[in-house]
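**Q** Given next are the chains, with one letter for each unit.
Protein chains: 2
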Amino acid sequence: MFKAEIFVSLKESVLDPQGVAVKSSLHSLGFQKVSDVRIGKRLEMMLECDSREEAEKQVQAMCEKMLANPTIENYTFEVERVS
Amino acid sequence: MFKAEIFVSLKESVLDPQGVAVKSSLHSLGFQKVSDVRIGKRLEMMLECDSREEAEKQVQAMCEKMLANPTIENYTFEVERVS
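As they're listed, the protein sequences go chains D and P. Numbering-wise, the working numbering puts 27 at position 27 of the first sequence, and it's gapless, one number per residue. Numbering-wise, the working numbering puts 73 at position 73 of the second sequence, and it's gapless, one number per residue.
Identical copies look the same in the list; a pair holds intra-copy or inter-copy alike.
With a Cα cut of at most 30 Å, we get these calculated DSSO-like pairs of lysine-lysine:
hint	residue 1	residue 2
1	K23	K41
2	K23	K3
3	K33	K57
4	K65	K41
5	K23	K33
6	K65	K33
7	K3	K33
8	K3	K41
9	K23	K57
10	K57	K11
11	K57	K41
12	K11	K23
13	K11	K65
14	K41	K11
Derived from the structure by calculation, the hints contain no laboratory data.
With the hints as extra help, turn the sequences into a complete structure.
**A** So, in C-alpha cells, the structure goes:
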C-alpha cells in the first residue's frame with residue numbers, strides 16, 4: 001500500500017482571485033504585512049499498488065486526466081510505501 | 001522578507017465529502033486502486049516582517065482568526081526567510 005501526496009497550484013502567470021480575496025480579508029483584519037497570497041490544493045490518497053513505479057504512474061495519470069487543469073495549473077506529488 | 005507555506009486540512013474524524021466525490025470520479029475513470037482521498041488547502045504568502053519569530057506569530061494568528069476553522073480543521077505552516 002502506498003500513500004500519495006499531491007499538490008496542485010495555479011501557474012505563476014495565472015491570476016489567483018481567491019488569493020487576492022484572502023489577502024484583502026487578511027489586510028482588513030489588520031495583517032498589513034501580507035502580500036502575494038496564492039492558494040492551491042493538497043490531496044492525500046492511498047493506492048493499492050504492487051510497486052512504487054506503478055503507484056507513481058497511476059498518480060501521474062490521475063493528475064493529467066482529472067486532478068490538475070494543464071492549461072492553468074501545475075502539479076507535483078510524492079509517493080511513499082506505507083505497508 | 002519571509003515566505004510562509006500553510007497547510008489546512010480536515011481533522012481525521014471529519015468526513016470529507018469532496019474527497020469522497022473525487023474518489024468516485026477517479027474510480028469511474030478506471031483508477032480502482034485509490035482509496036481514502038482527503039483534500040486540503042495549501043497557501044503561500046509573503047510577509048514583510050523583521051524576524052522569523054514575528055512572521056511565525058503573524059501566520060499563527062492568521063490561521064487562528066481566519067485561514068483555518070478550528071472546529072473541523074488542522075493547520076501546519078513553515079516560514080522561510082527569502083531576503
